[in-house]
Amino acid sequence: MSTSPRTLFEKVWHQHLVAEPVGEPTILYIDLQLVHEVTSPQAFEGLRLAGRKLRHPERHIATVDHNVPTTSVQDRLVIADQIADAQIKALRKNCADFGVEFFDTEDSQQGIVHMIGPELGATKPGMTIVCGDSHTSTHGAFGALAFGIGTSEVEHVMATQTLPQSKPKTFRINVEGELPFGVTAKDIILDIIGRIGTDGATGFVVEYAGSAIRALSMEGRMTICNMSIEAGARAGMIAPDEKTFAYLKGRRFSPTGAAWDEAVAHWSSLPTDEGAIFDRELNIDATKLAPSVTWGTSPGMVTTIDGIVPMLTDAKSDADRKGFERAYEYMDLKPGSKVEDITVDAVFLGSCTNGRIEDLRAAAKIVSGHHVATTVRAMVVPGSQHVKKQAEAEGLDAIFKTAGFEWREPGCSMCLGMNPDILAPGERCASTSNRNFEGRQGRGGRTHLLSPEMAAAAAITGHLTDVRNWKK
Amino acid sequence: MTPINELTSTAVPLPLPNIDTDQIIPKQFLKRIERTGYEDFLFYDWRYTFDAKGNTTTNPDFVLNKPEYKGSQILIAEKNFGCGSSREHAAWAINQYGFLAVIAPTFADIFFSNAGKNGIILVRLSEADVETLLQRSTANPQHKITINLEAQTVTDDQGFRAHFDIDPFRKHCLLNGLDDIGLTLLHEDKLDAYEERHNKEFWSAPKYAA
Ligand code: SF4
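Protein chains in written order, with the numbering used here: chain A, 35 to 506; chain B, 13 to 222.
Calculated from the structure, these hints are not laboratory results.
Small disclaimer: the values here were computed from a predicted structure and weren't measured.
One or more hints might be untrue.
Straight-line Cα separation of at most 25 angstroms, SDA-like style, residue types lysine to any residue; simulated pairs [unchecked claim]: (1) K356(A) / E213(B); (2) K201(A) / E213(B); (3) K45(A) / T150(B); (4) K219(B) / A130(A); (5) K156(B) / S138(B).
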């Protein structure tokens, strides 16, 4: 049978079609659902009320990340916040009652849900993966179709292992050329969001392609896919290749022996065929990129580190102008002021965007031999137990601690401040996370998103700093 | 879900783009394990002001706190409403506060789907039409808007009339108050057949066991 050239997305979509009822959304099979404490309790409750079970408990993996304190193991064992504690206990009980494998607070595999899927080898190319969390797009870095869903949908997947879905459109973003010194995966994705806007990819699945994407490590690819949702995309995907296979080989849930070879053969058939047509394409010249940083309260409000806070006249529409005006006020910034002059009170290195080993290595390189500015509170929160252990084995924890950073236990931490790690009103933070919404890191807190290297440099100097000029 | 067809109500104007789910319901309320009781937390950080001691006061300037907008069942905002986190709590809070419909030029994907699951009608109108309605509802809090789902129209008593598009399946579910799981299970034979094949494709298994 000959078929016309197809995209990576179309192949994965097609392989998961259960039914296409006329006049209704397609029923899509879901290979894996990841579960965390915040968006699951009402789903389990719904099942109980309806007398339903999980159709495939073995296609579920659960952990705790959003609510767990990251200060110390002791604080995690006895959680002071009673409502958070109740939510974690509810997940523990729900997993036991419904037969879901659960990586509890002190399990050696605990971590941010989007970290542990890949680390366990549960995330693999060609799969469909969902989670009640918008940054599920992260898993697309492996060539999986992965997207965030709401709690009713979580319940739907639990009960049926499927989801009714309308077919998204396809959007390829080609990033070609070699990245200049000091420019990272984070800068690529911030630049893209700045270019197309926070709703620029709404209704699309984005495939990131081109030599600059292929040159990235799996960690860098995850950083890119992670923030697809910040451009409104349903999902982000990157074609699996030798790097993907090398990352997965030998992981706990990866196939072995003959099954491994068969899996690699299947995965190798997934990349977009030559000549396949996308609904939309965008080309980006990687050689022209600079380190990016957000200045406002939406990830699309982005500029380069050597730039200025944009003028009101830079806003593209009336609605954007209103957004800009509000952002100047909330962020306490004047249009036209130099980005490098912005001083920070806090630095947060972590999250499912940049809490991986490679991120910590890059930041440690900047930090080594320096000390955190006296005006800055800086913390490193490894994204998972696995990353924490690896970093400690490499001595990165010592570098950070000597420089005056706090070295924390794994979790979401100050990415969203649902746990004790929050900014005080008016405090300004250089953060490697993915959202700079009003109050995201604590009510009244101000967030600047940037790469781990730039966050590390800001911690040392006390202001946003161009890492390209960094002297050892 | 309660079936819904026609809705006539005053409307609350929120003339801002990119209103994200963190604003709709801040994270501290996501720790609850219940599915109800979110109405008091809707737009919490905008509805209240907070002093250094942690005291909370109602913010009289925020539109939801203005008595003339009490009881409104329609919310109007600018583009990309509901962006950000996937929290369905945002849809619960909007719904439980008493809103049955939101009008905006565009909505973020996940919010769009969450709203549908909670029987909230999302109406997409052109930026110009949204602007008109925002202005009328701001100038006159008594300004009434009618949304008719069957006819897919938005009208008011000053001659405003706009047609909106809605996916026929979503319309059918809203009109009849249908639950999704039940609908999917109508296709269980196909699901069984699919799994019969698919579960042998070990590359699809999250946990490979030799
Ligand atoms: S680290 Fe932040 S973005 Fe990632 S899952 Fe946790 S809260 Fe969400």
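Could you tell me which of the numbered hints above are not met by this structure, giving the numbers in increasing order?
1 and 3
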